[in-house]
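**Q** One letter stands for each residue in the lines below.
2 protein chains.
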Amino acid sequence: MTLISEHDTRERILVEAERLFREIGYRKTTVADIAKMLRMSPANIYRFFDSKKAINEGVARALMGEVEETAHAIATGAGPAAERLRELLISVHRMNSERYVGDSKLHEMVEVAMEESWDVCVAHIDRITATIGEVIAEGAATGEFEAPDVPMAAMCACTAMMRFFHPQMIAQCATKPGPSIDQMVDFVIAGLAPRGKSVSKAG
Amino acid sequence: MTLISEHDTRERILVEAERLFREIGYRKTTVADIAKMLRMSPANIYRFFDSKKAINEGVARALMGEVEETAHAIATGAGPAAERLRELLISVHRMNSERYVGDSKLHEMVEVAMEESWDVCVAHIDRITATIGEVIAEGAATGEFEAPDVPMAAMCACTAMMRFFHPQMIAQCATKPGPSIDQMVDFVIAGLAPRGKSVSKAG
Numbered sequence: 001m002t003l004i005s006e007h008d009t010r011e012r013i014l015v016e017a018e019r020l021f022r023e024i025g026y027r028k029t030t031v032a033d034i035a036k037m038l039r040m041s042p043a044n045i046y047r048f049f050d051s052k053k054a055i056n057e058g059v060a061r062a063l064m065g066e067v068e069e070t071a072h073a074i075a076t077g078a079g080p081a082a083e084r085l086r087e088l089l090i091s092v093h094r095m096n097s098e099r100y101v102g103d104s105k106l107h108e109m110v111e112v113a114m115e116e117s118w119d120v121c122v123a124h125i126d127r128i129t130a131t132i133g134e135v136i137a138e139g140a141a142t143g144e145f146e147a148p149d150v151p152m153a154a155m156c157a158c159t160a161m162m163r164f165f166h167p168q169m170i171a172q173c174a175t176k177p178g179p180s181i182d183q184m185v186d187f188v189i190a191g192l193a194p195r196g197k198s199v200s201k202a203g
Numbered sequence: 001m002t003l004i005s006e007h008d009t010r011e012r013i014l015v016e017a018e019r020l021f022r023e024i025g026y027r028k029t030t031v032a033d034i035a036k037m038l039r040m041s042p043a044n045i046y047r048f049f050d051s052k053k054a055i056n057e058g059v060a061r062a063l064m065g066e067v068e069e070t071a072h073a074i075a076t077g078a079g080p081a082a083e084r085l086r087e088l089l090i091s092v093h094r095m096n097s098e099r100y101v102g103d104s105k106l107h108e109m110v111e112v113a114m115e116e117s118w119d120v121c122v123a124h125i126d127r128i129t130a131t132i133g134e135v136i137a138e139g140a141a142t143g144e145f146e147a148p149d150v151p152m153a154a155m156c157a158c159t160a161m162m163r164f165f166h167p168q169m170i171a172q173c174a175t176k177p178g179p180s181i182d183q184m185v186d187f188v189i190a191g192l193a194p195r196g197k198s199v200s201k202a203g
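Protein sequence lines correspond, in order, to chains A and B.
So the first sequence is numbered by the UniProt record's numbering: it starts at 1 and just counts up by one.
So the second sequence is numbered by the UniProt record's numbering: it starts at 1 and just counts up by one.
Simulated from the structure, these hints should not be mistaken for laboratory data.
Among these hints, one or two may not hold up.
Which copy is meant is left open, so a pair is good if it fits within one copy or across any two.
[Claimed, not checked] Think about it this way: if two alpha-carbon atoms lie no more than 30 angstroms apart in a straight line, the pair counts; the simulated DSS-like pairs of lysine-lysine are: (1) 36 / 176; (2) 52 / 176; (3) 176 / 53; (4) 105 / 176.
Construct the complete structure from the given sequences, taking the supplied hints into account.
**A** Pasting the structure below:
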């Protein structure tokens, strides 16, 4: 019973923090603001999170967790690997765009998380890369893809999508010339296609 | 004669500006500083560049021009297209790393150029992309590559390299997990390899 309500309190703090970050911005939100909205003492918040940075990490982890869940659901769905990979890559782009670029206040939170809590970002990138790897491995098993080194292929596919995945790059490149998300996904999927067998290496 | 010496003065201003940007940083350097070092009046500098922004664009264009020249020299060299493309992509990465990341003062100048003079950056990216396209077109002509749409393939190859080309991404990712430049180039070149002909689409 105590455990459940402690979990609930933790969740309530994160939900309220996210709401305030969206409404007035990350930098302007104080732990006292969050406490006041929840009608609790700042001391109580510090029982759950030892700093505003820890609250930000919790909010960032929850937002990133939703993207990871969506990616996982697509990866374990039905259909050809290439189609699932396409849907996965486009969904990560769309969710990151909506979360971090459409909402400029949340973007501030993400920037701080990327400066202060890079390990949270790295863990997220690792999980998305692993999920991409699952789809690539399935495609390689059926002959749809050719990927002798699946983790490497997944890491490169994820890196190739940086313009469409990385919050700062999404924001910076949104109005700049470049490939569309569909064209970029085509290129990545082409990189995973089985090679022609009769082509000898030049040189 | 007048034209030559005007050209020389322009060059001298750019060389001195770059030296000061490297030494004391872009933001701290004033047009008066540049004028003083060259023993000329600020008014004379304004005859050639109507603002510090214009000087920065001139310096940025010169630095980017060197990368473009190196890329062009590699593209028009001898050897299989894949080898030239590899050398080109690695050279752009190495030059951008040295220029904009190894030298943190110059990095400041680049950041300002990317904020204030994005068209200069776009023109540079266009030229590098066009040079990549030349190599891809040659590879496609000999059957070394498969690229039905060369400009699109070049744009996607360039975009896929963002982690290794973009000054901010080079700086941010230098110590982060991810593929090496060689592994990333392998992935991009794999994306250009001729497809297997007998593989039917699953689905």
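**Q** It remains to establish, for every hint, whether it holds in the given structure.
**A** Now for the hints, and whether the structure bears them out:
Taking CA atoms no more than 30 angstroms apart as the test, residue 36 paired with residue 176 passes in neither setting, with 43 angstroms inside one copy and 38 angstroms between copies. Taking CA atoms no more than 30 angstroms apart as the test, residue 52 paired with residue 176 passes between copies only; the shortest distance there is 25 angstroms, against 35 angstroms inside one copy. Taking CA atoms no more than 30 angstroms apart as the test, residue 176 paired with residue 53 passes between copies only; the shortest distance there is 21 angstroms, against 33 angstroms inside one copy. In this assembly of identical chains, the alpha carbons of residue 105 and residue 176 lie at most 30 angstroms apart whether taken from the same copy (22 angstroms) or from different copies (26 angstroms).
Comparing the model with each earlier hint shows a violation of hint 1 alone; every other hint is respected.
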